[in-house]
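Asks: Line by line, the protein sequences are chains F and A. The working numbering numbers the first residue of the first sequence as 1 and each following residue consecutively. The working numbering numbers the first residue of the second sequence as 1001 and each following residue consecutively.
No lab work stands behind these hints, which were simulated from the structure alone. Only a predicted model underlies this, so the values are computations on that prediction, with no experimental measurement involved. Be aware that a few hints might be false.
Claimed, not checked - Computed Cβ-Cβ distance ranges for the label pairs, DEER-style:
# : chain 1 : residue 1 : chain 2 : residue 2 : range
1 : F       : Arg75     : A       : Lys1069   : 35 to 45 angstroms
2 : A       : Ser1029   : F       : Arg75     : 38 to 48 angstroms
3 : A       : Lys1069   : F       : Ala128    : 25 to 35 angstroms
4 : A       : Ser1029   : F       : Ser161    : 58 to 68 angstroms
5 : F       : Leu123    : A       : Leu1064   : 50 to 60 angstroms
6 : A       : Gly1065   : F       : Glu228    : 28 to 38 angstroms
7 : F       : Leu123    : A       : Arg1002   : 35 to 45 angstroms
What the hints assert, rightly or not - Example chain A residues on the side facing chain F (calculated, C-beta under 7 angstroms, incomplete):
#  : residue
8  : Ala1011
9  : Ala1057
10 : Ser1075
11 : Leu1076
12 : Val1082
Unchecked claim - Heads up, incomplete: computed chain A residues facing chain F, CB under 10 angstroms, no partners named:
#  : residue
13 : Phe1006
14 : Val1055
15 : Ile1058
Glycine is no exception: its CB is placed at the ideal position from the N, C-alpha and C atoms.
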Amino acid sequence: VNADSENAIGEVAKAKTGIEGFDQVTRGGLPFGGVTLVSGGSGSGKTIFALETLVNGATLYDECGLFIAFEESSRKILTNAASFGWPLEELRDQKLFFLDAMPTTDSVTIGEFDLSGMLAILLAKVEASRIKRVVFDSLDVLLHLLPSVSLRRREMQRLHSWLLEHQLTTIVTAKTDWLGNSIPIQDSLLQYLPFMVDCVVSLTHGIENEYSRRRLRIIKYRGSSFSENEIPFTINRHGLDVATADVSMFALPASTERVSTGILQLDQMLFGGVMRGSTT
Amino acid sequence: LRTYSFILYVAGNLPNSVQAVWNLKALCSQYFPEDHHLEIVDVFSDPQRGLTDGVVAIPTLVKLGPSPKQTIVGSLDDIPLVLRSIGWTGPLKDQKEGPIK
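Given these sequences and hints, build the entire structure.
Replies: And the structure:
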């Protein structure tokens, strides 16, 4: 019921985000029970995208969501999202749950640790509240807790297999700009992470000719076709508004009616005048 | 007299957790055998507690007192460094043999 049944035969099951344009570009939404990486620079809309997917999951598709806040407190996130008019207060602690997991600023690391304890804690929450969608915002904070590249790699592998095992539709956000290249790649993490997830979405925000331009691009989608184009989007008072990918949807029949220009000789040259509705 | 008060979050018998318990108990018995209070929370058997306290990395040691509160993540392998992190200003003793890793 939850997975999109209308997608093409042989394609992976999808979980709709409820963000119309995005569900079109991806032919049905996020990989159901899989992991999607949403990357982008600061202020590119990652957190809003992730939260809106959880809100829509809870309101439209009857899927409870868990938001794990590593970077900003859930209070701050809820305050920032208040202007979108989402029913956050009604959903909260009913179908939408927040877990604050920001590392304390005075915390130090001595010796080794891993994420198995966190996963045990999460599993208890997932089972008790029948969670279907999970957001990790943002993964970089979690990874920076881990002191070495090999440890990061091992723990990401652990996290990934845990998410797949429990069939959770997951969004992990990461503050990077790969392929945008404006943020230097700090370690090999950013090179291997895209290979560990099922779908990679890149969000960019820039200024062109004094106008704000937001763009979304699907970089990979395992087991699914997708539009490879950059898709413009805006963040308006309802949340993300992603442009419809397929312009042919709006194709209308052109008129063949001729409209006289009022100049006889010109009309003769134009076989009776200009076409109605055309631009000359 | 300053009483040291700790909560140590562990995950069952996983190696890092066992190591952290061993290190912390060794530290307490060497430096303040009488005046400390230690609570061990196993998130495998009590995940709700970890959820409420927002603990992500395991093991995590929280020193509640004397203030300020201090959080140390990891298996606590370096006892002198742990002591310094919790504000111990007394002399350091020779370390006994640690557990075999």
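Asks: For this structure, which hints from the list above don't hold up?
Replies: 1, 4, 5, 6, 13
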